[in-house]
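This is what each chain is made of:
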Amino acid sequence: MTAAALPVHQARAKGWWGMVVFVTTEATLFGTLVGTYVYLRFHNAHWPPQQLPKPPVLTPTLLTAALVTTSVAGHIASRAVSNAQRERAWRSLAAVFAVQLVYLVWQLHDYVHTIHVYKPQASAWASVYVTLLGADHAHVFVGVLLSAWFLVRIRSRLSRYRVVGVQAAAFYWHAVNVITLVVLGVQLSPYL
Amino acid sequence: MAVVAPAPERTHIENLERVWRERPGVLGWLTTVDHKRIGLLYFWTTIVFFAAGGLEALLMRTQLATADQRVIGPETYDQLMTMHGVTMIFFFIIPMTTGAFGNYLVPLMIGARDMAFPRLNALSYWIFLGAGIFMYSSFLVHQAPNAGWFDYVPLALRRYDGGLNVDFYALGLIFNTVASTIGALNLIVTIFKLRAPGMSWNRMPLFCFAMLAASLSLIFALPALTTDCIFLELQRKLGFHFFDNAHGGDALLWQHLFWIFGHPEVYIIVLPAFGIATSIIPTFARHRMVAFPLVAMAELLVAFIGFGVWAHHMFATGIASTTLAFFAAASMMVVIPSTIQIYAWLMTVNIGTPEFRAPLMFIGGFILFFVIGGLSGIMFAAIPFDQATTDTYFVVAHFHFIIFGAAVFPLLGGIYYWFPKVTGRMYDERLAQLSFWLTFAGTTLTFFPMHIVGLLGMTRRVYTYDHGLGWDAYNLLETIGGYILAGGLLLIAFNIARSYRRAVPAGRDPFNGGTLEWTTTSPPPHYNFAVIPTVSSPYPNWDERDREEDLRRLARGDLVLDVGHETPESTVNDALPSAIAEMPPESPWPILVALTLTIAFFLLLTSHYATAGGFFALTVLTLAGWNAQEPNEVAA
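Chains as they are written, first to last, in this note's numbering: chain H, 374 to 565; chain D, -14 to 621.
There could be a bad hint or two in this list.
What the hints assert, rightly or not - Here are some of the chain H residues that sit facing chain D, going by a computed Cβ distance under 10 angstroms:
1) Ala384
2) Thr504
3) Ser532
Because the hints were derived from the structure by calculation, they are not lab data. Where a beta carbon is used, it is the ideal one built from N, C-alpha and C, also for glycine.
Produce the entire structure from the sequences given, and follow the hints as far as they go.
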């Protein structure tokens, strides 16, 4: 009796907008981290310091390439929930989750190694490098949690809350993938 | 058909009462998601912090009243000074403007039944409270932050400041930024998505534009502070290098990041004050704001330019002079949107038929203080002048005219202006006007002589000074002014308390205000509006035909939404109805999340990282519990 009186116009849900604003502030956070990296780079003659081996190239590039594919699966999941295709959404989500998980475990394994080799207690370069990578991994970790959560939640049925949730999570994955690409660019910058 | 059937509008209102009612008693306050109750929680909590910050200021002024005093020692003075700044900025003005005023008023002004994310709203309050308790617990161990509110390195590094003082500061601020970010996010999405049908951007109240501009600034500015504090803690606790030049870091990095946050912060503080001025002036001048779209754009422009001026806090640090010239020019640009607003306020009063009741008097004081503080502000854009006066009391005078005169005065006026709406009772006008003159005189007497002692060479942050420097009389005047100011503020508190007890009914709309909050009862019901209003101008309460139409729609049951816990969502630009949002009911999860986070931050402070990690994991589990409770499942 009430909704019928309203001519309904298509628009993104408030939950999706909430994620957009959240991602905006997170992207700004990474902006300050990358800005710090660049700022300190111009205060140092050798960046990274000479005695350190240059950061690895191949593994992070391949892993990031794999991670970025989750944007496709994430997009499919987001479209599927909008069209009430629950099983299709679940399968896409499972793909997202699997890739993110493999990426994260591999990266964390390498991260422990990075801390031991580059020693953030020894130079400003290593401090920024380790902090930047750590912040990126933390964001992927949140992405894994979101994937896992919605895998559980849409196993049985969809609701408007869950549909908007998956759409918002998909937006988050896209954003984290872009952020990871930027972080990779910073990692590779000593080779330029 | 029965003759005794109640009128349809009665039935709708009874339904709404039943659907929106919250649990009574203390438990109801702990689990509330009602933006008005959360706004009141914010209000009273920030008032407590305001009193604490004021007390710290009075202790400092007492110490400085005459030369060579020994009321408090240097270490205590440092802690009081730092906590005064931290409290007033982070635990009074931001939560008071966005948390209390924004929370309470924005949904009412845009015709919504709650904020976009009611549970997040509660979370932002409880985290804010947790961060405040965290920060103030530092006094219990006599290790309150002591390196100034902007906490410059290298002084703030472990080598020079070895206690927990700066750790309380850095972790407390990281924690507090979470609350501010959530609050700003909620305001932005509420303003984007929950505006009443018809409230396109050009019809949105200027108060909401100001809150939007402040919230957007928070979203873009707070990360710089968070990053800065994370760097500081990594360096202090784990031995990383960001700020020490010996290992390739840079001490100025702290200042850059701090002021990339810190200057937008000034506008975050003062924009809501502009918004309050643009609410009070049209009401008491009986005239819509002059140059409405220009003022809206000026509010957003102030926020935008605010991001390009941070280095004017660093003119004396030795950075390149071409850089300085850029920042000096950008700083002068702020004059343009500020002046647009000042002229718009003055012209509105001039064109209208102003009635100088207490709220408008506070706005008059605000405009005067804003002009004085603005004029001394422009002086700093002249780099040589800045370099001569930096770190003197001239700077202290300038920013107190802005922060107290321009940001707090409208808040005081706003407290009187909306007191009848929030309580349904009228304040005492004569006492209110007296309190205005007391605070006005107190503010002038406290802060104006600081210009002079500053030019005479008195530096900031000194805990005492010698006789015979020509500073004694001015300092004594400032201290007397401080006590007069405190008296004025206490008189406001007394007026509020007495008016609440005497309960002179105020009615729905005692001042003939123009915006939607005056269309509903005082105090507003849990559901804010019995029928969702439709809007065809920026001053919908002055559109009598629209409001009569509301009553007819209530009788028809059109746009009443009384079957569930619901509010309409609309399109971002034109505010056309797009969906019915199901709002969550009261929830215990927000306070539990805040509790686990507070414990985790105390554990970080004491370097129990593994246990802290456990509590962060508990936070995630609590969030899962929160998310599992979907609004539509319970509302059914």
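Quick check on H:Thr504 please, does its C-beta sit within 10 angstroms of some C-beta on chain D? 7 angstroms, holds
Agreement of hint H:Ser532 with chain D interface, Cβ distance less than 10 angstroms: Result: holds, 6 angstroms to nearest chain D Cβ.
Hint check: is the beta carbon of H:Ala384 less than 10 angstroms from a beta carbon of chain D? 4 angstroms, holds
When held up to the earlier numbered hints, the structure conflicts with none and fits them all.
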